[in-house]
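Asker: Can you make the complete structure from the sequences, with help from the hints?
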Amino acid sequence: MTDRPSILYVTDLSYPARGRRYGDEDVHLSDRLREDFTVALCHPRDAVALMDGFDAVLVRNSGPVIHYQAEYRAFRAAALERGTLVHNPLTGRGDMAGKQYLLDLTAEGHPVIPTVADRAHLDRLPAADEYVVKPLLGADSVGLTYLRPGELDTADLTGALIQPRIPFRHELSFYFVDRVFQYALYAPDPERRWELAVHRPTAEDLAFAQRFADWNTLAYGIQRVDACRTPEGGLLLVELEDLNPYLSLDLLEPGVRDAFVDALKASLHRSLEG
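Start counting at 1 in the sequence shown, then tack on 1070, and there's your number in my numbering.
Don't read these hints as lab results, they were simulated from the structure.
One or more of the hints may lead you astray.
Label pairs and their computed distance ranges (CB to CB) [as the list claims (entries may be wrong)]:
#1 Arg1340 x Leu1214: 33 to 43 Å
#2 Ala1110 x Asp1199: 42 to 52 Å
#3 Arg1239 x Ala1148: 38 to 48 Å
#4 Arg1189 x Ala1119: 16 to 26 Å
#5 Arg1152 x Arg1281: 47 to 57 Å
#6 Glu1105 x Ala1267: 27 to 37 Å
#7 Pro1219 x Tyr1290: 35 to 45 Å
#8 Thr1161 x Gln1280: 36 to 46 Å
#9 His1339 x Pro1086: 29 to 39 Å
#10 Ala1110 x Ala1140: 21 to 31 Å
#11 Gly1153 x Ala1267: 39 to 49 Å
#12 Arg1143 x Ala1289: 14 to 24 Å
#13 Pro1196 x Arg1262: 24 to 34 Å
#14 Asp1284 x Gln1170: 17 to 27 Å
Okay, derived cross-link-like pairs now, EDC-like style, lysine to aspartate or glutamate, Cα gap no bigger than 16 Å in a straight line [stated by the list, open to error]:
#15 Lys1335 x Glu1105
#16 Lys1204 x Asp1226
#17 Lys1335 x Asp1125
#18 Lys1204 x Asp1188
#19 Lys1204 x Glu1221
Note that this is a predicted model, so its numbers are computed, not measured.
Each residue gets a CB set at the ideal place from its N, CA and C atoms; glycine is no exception.
Answerer: Structure, rendered in structure tokens:
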């Protein structure tokens, strides 16, 4: 017998991500977590059946929820009913709850790509040669389409968000544990978003990312703040990923990667201690 806390690590090891190997990341990260915890991996569809046997559930690279919405709703309902400790907690205001936050942040005047959900509100968006239409519950570009202004008039926009397709220099991501910044990565080539490199953020970059990590109000957990840099040099929020953000740990220097793992271990310990 052991007194070490047990973690049910939720992942889809076979998810076919473009240019990324989700399974490799989770094999290595779960192995590092075994230094402090007893860890078992399971597919997201099996989480409800297994989670009562563990002290906590850690949701990692489980793939877009749009592929298993019924199972995910069942997981959320069961975890809330049973009082299961889930990391991240199920109170996230970002992608965990769909993309309503893009509408909320737009209405609140935050630096986010302007977003509406109603054809009647298109006049609230800046004019653009092309618009991005994405599902309210989408992720990983699933269901994303590009439409010209005239095509919006006849498109089925039910359950969709509409944004102008804006030019940008590059996309970049900021990674947080318990709302504390860990590292940043960026995609130098906008046409190859999956090819990332280490980014050395400025003070302004960090202040931008921190405002969204704090806005989410998570007591603990992993967040990834995705942004794009405009031609003028400013940043706009693209996504606030708080459900299962891919971490690209293989791209980090060993010291940075170790610091992230240590921060995650400490976060799990704190959440288990209540």
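Asker: None of the hints should be skipped; say for each whether it holds.
Answerer: Going down the list of hints, with the structure as the test:
1. Arg1340 x Leu1214: 33 to 43 Å: 36 Å, holds
2. Ala1110 x Asp1199: 42 to 52 Å: This hint holds: roughly 50 Å between Cβ atoms.
3. Arg1239 x Ala1148: 38 to 48 Å: 44 Å, holds
4. Arg1189 x Ala1119: 16 to 26 Å: 42 Å, violated
5. Arg1152 x Arg1281: 47 to 57 Å: 34 Å, violated
6. Glu1105 x Ala1267: 27 to 37 Å: 29 Å, holds
7. Pro1219 x Tyr1290: 35 to 45 Å: Holds - the Cβ-Cβ distance for Pro1219 and Tyr1290, about 44 Å, lies within 35 to 45 Å.
8. Thr1161 x Gln1280: 36 to 46 Å: 19 Å, violated
9. His1339 x Pro1086: 29 to 39 Å: 33 Å, holds
10. Ala1110 x Ala1140: 21 to 31 Å: For Ala1140 against Ala1110, whose Cβ atoms are near 23 Å apart, the range 21 to 31 Å holds.
11. Gly1153 x Ala1267: 39 to 49 Å: With Cβ atoms ~42 Å apart, the hint holds.
12. Arg1143 x Ala1289: 14 to 24 Å: Cβ of Arg1143 to Cβ of Ala1289: about 23 Å, so the range 14 to 24 Å holds.
13. Pro1196 x Arg1262: 24 to 34 Å: Check passed, 26 Å falls within 24 to 34 Å.
14. Asp1284 x Gln1170: 17 to 27 Å: Taking Cβ atoms as reference, Asp1284 and Gln1170 lie about 18 Å apart, which means the hint holds.
15. Lys1335 x Glu1105: 9 Å, holds
16. Lys1204 x Asp1226: Holds, because 11 Å separates the two Cα atoms, which is no more than 16 Å.
17. Lys1335 x Asp1125: The given pair, whose Cα atoms are some 14 Å apart, holds under the 16 Å limit.
18. Lys1204 x Asp1188: Judged against 16 Å, a Cα distance of about 13 Å means the pair holds.
19. Lys1204 x Glu1221: 15 Å, holds
The structure fails hints 4, 5 and 8 (numbered hints given earlier, in ascending order).
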